[in-house]
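Colleague: Take these sequences, add in the hints, and give me the full structure.
Protein chains in written order, with our numbering: chain A, 1 to 430; chain B, 1 to 306.
Each hint should be verified, as a subset may be incorrect.
Some chain B residues near chain A, calculated using beta-carbon distances under 8 Å [unchecked claim]:
| # | residue |
| --- | --- |
| 1 | T69 |
| 2 | D70 |
| 3 | V72 |
| 4 | L73 |
| 5 | L86 |
| 6 | L121 |
| 7 | K122 |
| 8 | S171 |
| 9 | R176 |
Note that these hints are calculated values from the structure, not bench results.
Think of the CB as a built atom: it goes at the ideal place given N, C-alpha and C, for glycine as much as any other residue.
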Amino acid sequence: MSDVKLSDVSGPYFGQYGGRFVPEALIAALEELDTEFRKAADDPEFAAELQRLHREYTGRPSPLTEVPRFAAHAGGEHGGVRVFLKREDLNHTGSHKINNVLGQALLVKRMGKKRLIAETGAGQHGVATATAAALMDLECVIYMGEEDTRRQALNVARMRLLGAEVVPVKIGSRTLKDAINEALRDWVANVETTHYLLGTVTGPHPFPEMVRQFHRIIGEEAREQMLERTGRLPDVVAACVGGGSNALGIFNAFLDEKSVELRGFEAGGEGIESGRHAARFSGGALGVLHGARSYLLQDDDGQTLPSHSVSAGLDYPSVGPAHAWLHDLGRATYEPVTDDEAMEAFRLLCRTEGIIPAIESAHALAGALRVGQTAAAEGRTGPDGQPLLLLVNLSGRGDKDVATAARWFGLLDGADNVAAEELERQEGRG
Amino acid sequence: MSTLTEPATGPHTGSRSADLITRLREQENRAALVGYLPVGYPTVDRSIEALKTLVDHGVDLIELGVPYTDPVLDGPVIQAAAQGALDAGARVRDVFRVVRELSDYAPHVPVLVMTYWNPVLKYGPDAFARDLAAAGGAGLITPDLIPDEGADWIEASEKHGLDRVFLVAPSSTPERLRLTAGQSRGFVYAASLMGVTGVRNEVGSRAEQLVADTRAAGAPNVCVGLGVSTGAQAAEVGRFADGVIVGSALVRPLLSDGPLPDDEWAVRLTDLAGVTEDLAAGVRSARASAPADTPAGAKTTSGEAL
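Modeller: Structure follows, in C-alpha cells:
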C-alpha cells in the first residue's frame, strides 16, 4: 500500500469499506461493467471521445471564480482569506453530475445495452442521465422518491421533456434511498438489457471507484486553475457530501498533497440532537446499504434510519466508502451543516456575488464560511503570512431550488416573511 | 481460494435441511415445499399462528423472513408485509422467539431465517449464529450476501453448525456456480427468474437449466424460488428441483390495510391453509405425474434412480 497514491487506490475495498453486498443476480453485470471500465481506461479513443464531449457538450473546463464579496463574510474582510469557487454549476444540465453520466453512457454504448435506469434525489442526476440518454439514443427510466418529486417538481418536468420516464417511488421514506431500492429491483429484473447508471460514489464495486474516476477531472482542473491564478495550491478544499461524488471529484487531485486540508460538509438538517439530519459521520455507524459497507444511519436492529435535509441531494443515510476510508485515515474531515446555516449561505452568495447555488452546494459554502471565520479568529494564514486560500466546489446551480428558497425566505406575495425578516435582522446585526 | 471450492454440502453433513431434502427425495420421491413468511406480520403472535398453519398444511421447511427497511430482492407483497411488521414494532430479537416456538411446535421442520445482511452485521454475525442455534434454528438464507463477502458468516455458521444458503441466478457464471455451491450448506437457492420476489403467471423456463447447472457445479440440493404461486407451478418446479420455495403467494392472503378482528384473521388463516394445501399437493404430484424421461443430467449428482 505504501507506494500506492491515495488518489489511485482502486476498489473493491477502500480500507474496510466498499465491497459488493448485492444479490448474486447482479454480479455478472458488475463484472461486465468492471471489465469494460478497465478496457476503456486503457483506450485512447474512449478518452478522446469523453474529452470531446466535456469540451463541446458540457462546456468544460468549468471556470474558477474568485468571490471577494462573499469572502468578506468568511473572515476575509481584510484580505486574509480568499475564496474561489469551482463552477460545476455552469456545466450543461447545471451540476457536476454530467461528468459521470457521460462517462458511464459511453461505457453503455460499448457494452451494447439500450436501456438506462437511474435514481435521483434532487433531480440533478436524473436530468443529467435523461440528457445523456437523449444524446445517445437510449431508453431511460428515472426512479425518484415521491417526496422528492414534490420538492423538485421542475426537474421532473425537465426529465420528461428530455424523453425519460419518471417513476415516483411510493414506498419506504419516499426519498433517495427508496429510489435506489427501486432502481436495484429494476436492474435485477432487467440486468441483461439494462445499465444502472448509479449517480454517486457508493453502491457495489466498481461504482465507487468508477464514479470517482469520471469526476476526478473536477479536482484536476481546479488544481491547475488555482496554480495559474494564485501560484500555489489551496490551503483548504471544501465540498458538500451526500453520497460524495462532487467531494471525491475535487478532493482526489489533492489527496496526496499533505499541505491541503480537505473538508466535507454533510447535511446536519435540523441539528444532530434533533435526530433529523443526514450526518453519517456524526450520527452513523458501520453498516451495509445498497451494496457497500460504510458509515450508515441505522437503529439498534440495523434498520436504516430516515435521513433529513432541506436539500434532496444530501438526504441519504449512507456515504461513499472512499469517504469513510478518508475519514478513518484522518485525511479528510467531515462536519454537519444545518439547514439554517446552508440557507443563510445560499442567500449570501446570491446577494454578494450574483450566483444562485444549489442548496446542496450551499452546505459547502456554509462550511467555507465556518472555516474562514475560524481561521480569521485564530489568526491563521497561508504559508509565509499569505492569505488563506479556500477552494469550494460549487457543485450545482440553484434554479431547481428557487421554489424551496421562496418558501424558506417568504419571497412570494402573501407568503410568510418571518424567515426573511429574521435573516435581514441577522445580516443587519452582522 | 482452494477452500472456497470444496463442496461443503453432501449426505450426512449434519445439515438438517439437507437431511430432510435428501429423505424426501429418497423415500417419498418428491421435492420439499419451503414456505416463507416474515416475522411479526401482522404481529409477532399472529405471525406464529400463520407459520404453524404452514406447518400443519404441508410445508416441509420454513423460511422465516426478518423484516428490513430496504429489501431490494423483494417485490411489492413482501415489501408491504415487511413494512407492516416494522410499523407494528417487530424487532430482530423477535426472530429468536419465533424460531424457538416453531421448533417446539414442530421439531421435524427445519427453520431457516432469511435476512438481508445489515441486521446480522449489526447484531454481530457470531452472536446471531449463536442465538439462532440456541433457539433451534437451522441456518440463514442471505439474499444480499455473496460468498465472496461472507467470510464472517461462513466462520460463524461453521462454528455453530448452521446452514448457509447462498443464491444463484440465471446470470451466474460457471465459476460463480462452483463457488456458491461449494460454500453453501444445506441447499443452494436458485432464483429462477431474473427478478425480485412476486407472483408470476409462469415460472421461468430457465429455472430447470439453472438447477441442472448448479448441480453440475457440485450442489447436491437445489431449491427454486421467485415465481411459484400455484400448485400447478409447484408441480412443474417440483419435477426437477429438490425444493420449491414459495413466498409472496403465502404472504398475500395475510395482507390487510389495518388490524383485523379475530374472526377475519381466522378467515385469513383458512385462506392460507388452502393455498398451502394446493402447493403441498403440487409438490406431491410432481413426479408421480411426470413422464419417465426426466431431463438428462438433472439427477446426475444425486445418485438417485428415478
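Colleague: Are the hints correct? Go through all of them and say.
Modeller: Status of each hint after checking the structure:
| no. | hint | verdict |
| --- | --- | --- |
| 1 | T69 | holds, 4 Å |
| 2 | D70 | holds, 5 Å |
| 3 | V72 | holds, 4 Å |
| 4 | L73 | holds, 5 Å |
| 5 | L86 | holds, 7 Å |
| 6 | L121 | holds, 6 Å |
| 7 | K122 | holds, 3 Å |
| 8 | S171 | holds, 4 Å |
| 9 | R176 | holds, 6 Å |
Consistency note: the structure conflicts with none of the earlier hints.
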